[in-house]
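Novice: Sequence:
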Amino acid sequence: MPASLARGVTRREAWAWAMYDFANSGYTTVVITAVFSAYFVAVVADGASWATLAWTSALAVSYALVILGAPLLGAYADAFACKKRLLLYSTLGCVAGTAALALAGPGALGLALLFIVLSNCCFGCGENLIAAFLPEIAREDAIGRVSGWGWGLGYIGGLVSLGSCLGYVAWAQAQGQTAAQFVPVCMLITAALFAVASLPTFLFLRERSQPQLQPGARHDAGVAWRRFARTLGEAGRYRDLLRFLACTVCYQAGIAAVITLAAIYANQAMGFSTQDTLLLILLVNVTASIGALLFGHLQDRLGHRPTLALTLLGWLLMIGLALAAEGPPLFWLAANIAGLCMGASQSAGRAIVGLLAPPTRLAEFFGLWGQAVKLSSILGPMTYGLTNWLSGGDHRLAILITGSYFILGLLILASVDLKRGRRAALAELAAPQPG
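In the numbering used here, the protein residues as written are 1030 to 1464.
Source of the hints: derived by calculation from the structure; they are not laboratory data.
Just to be clear, a hint being listed does not mean it is correct.
To be verified - Per label pair, the in silico range of CB-to-CB distance:
hint	residue 1	residue 2	range
1	LEU1346	ARG1040	52 to 62 Å
2	GLY1262	GLN1210	32 to 42 Å
3	LEU1217	PRO1357	45 to 55 Å
4	PRO1357	GLY1037	42 to 52 Å
5	ARG1425	GLY1139	31 to 41 Å
6	ALA1137	THR1389	21 to 31 Å
7	THR1389	ARG1268	46 to 56 Å
8	ALA1077	GLY1356	21 to 31 Å
9	GLY1139	VAL1214	13 to 23 Å
Positions of the beta carbon are idealized from the N, C-alpha and C atoms, including for glycine.
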């Protein structure tokens, strides 16, 4: 590990950075993917025909808020060197919003939608901010490996949260409890684990960035607007980053649809029970952790672009298997291929942005990455939800259309020149900083 870390970074600090991935993965695994999504459709919305669309629409609103604010939040964090403080605020918001979902019982549609939007918006902001620490933690030639450590540990965190909920669900069902009784407790478990597991990040991770204000510059929120306006004006200098962000929108749209609707697809199309679905997601987290770790090492050896292309081909294989599945065995195989590709593709994307982002504007450029990811998180699930609704509940057609996003991602990735993009990022060091 030490040979992969930047100068001055200790193993404890790298572990503390990766622990945030461990902490926040429970939210996406339990709330977005495995438990609350299916509970929302079946219990909160009482299985209404519009329930899946309502769920994806709520997520779309939260992602839209992140899209609007992420680059400005990042520009503010760079200007005032406050990534860690803003990360704390976003973490508290997500933890509180997750705990509040325990109040969303049958028919409490407005309450469920409110706290899904709040918690997921805070999650997205935190995801961008913690990613902006990556280029400060890792050496340039090991950024894929270190990113993979974080994603790998993150999926283990998802396992811990989901495993805790699965254990509680098994006990609650043995006591004769219904989903309306045990799912709210799962939300409290998830919130508590997020809060506790993120403590090492705030205790040991250092804020290495320095304020990027020129002498005499005004210390107000307008600094973020001015910095972001400068980025927009210089967009042509970062054409490889822009192309990669377009690629990210495409392939992450497919991933977002799979993550967001996996539990619903398993329940509605394959007839999985709640416990079967939890076991499936549990195993997928294992394969995702393995994929992140293995492909993280491969990425630094084989190259970032070929590794990402390989994972996108894997996603297409998964789509084909899911379509062909008539029963659980083939669907289980497809789900675990998705797990391998999920960890690998997400880790690779974060590492590539770390290479293409100017060192003095990491939070802002990871905010742009967050914009792309959250835009994809609207496109993918909404495409799936609308297709499902318009086709009268045809989940197989919806997953087929989802596959087109991975094809588009591959086509755009072929035009990205990472060496040229890295030169453009480093050229930023010689440029005067805005104030």
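Novice: All the hints need checking, so say for each whether the structure fits it.
Specialist: Taking the hints in turn, this is what the structure says about them:
Between LEU1346 and ARG1040 the CB atoms are about 36 Å apart, so this pair departs from the stated range of 52 to 62 Å. As the Cβ distance of GLY1262 to GLN1210 is approximately 55 Å, the hint placing it in 32 to 42 Å is violated. A hinted range of 45 to 55 Å is violated for the C-beta pair LEU1217 and PRO1357, which are about 31 Å apart. A C-beta distance of roughly 50 Å is found between PRO1357 and GLY1037, which places it inside the suggested range of 42 to 52 Å.
Separation of ARG1425 from GLY1139 is about 32 Å and conforms to the stated range, judged on CB atoms against 31 to 41 Å. At about 46 Å, the beta-carbon gap between ALA1137 and THR1389 misses the expected band of 21 to 31 Å. Our hint of 46 to 56 Å for THR1389 and ARG1268 is violated, since their Cβ atoms are close to 20 Å apart. Remark: the range hint 21 to 31 Å for ALA1077 to GLY1356 is upheld by a beta-carbon distance near 28 Å.
For the pair GLY1139 and VAL1214, the supplied restraint of 13 to 23 Å holds, since their beta-carbon distance comes to about 22 Å.
When each numbered hint is compared with the structure, violations occur for hints 1, 2, 3, 6, 7.
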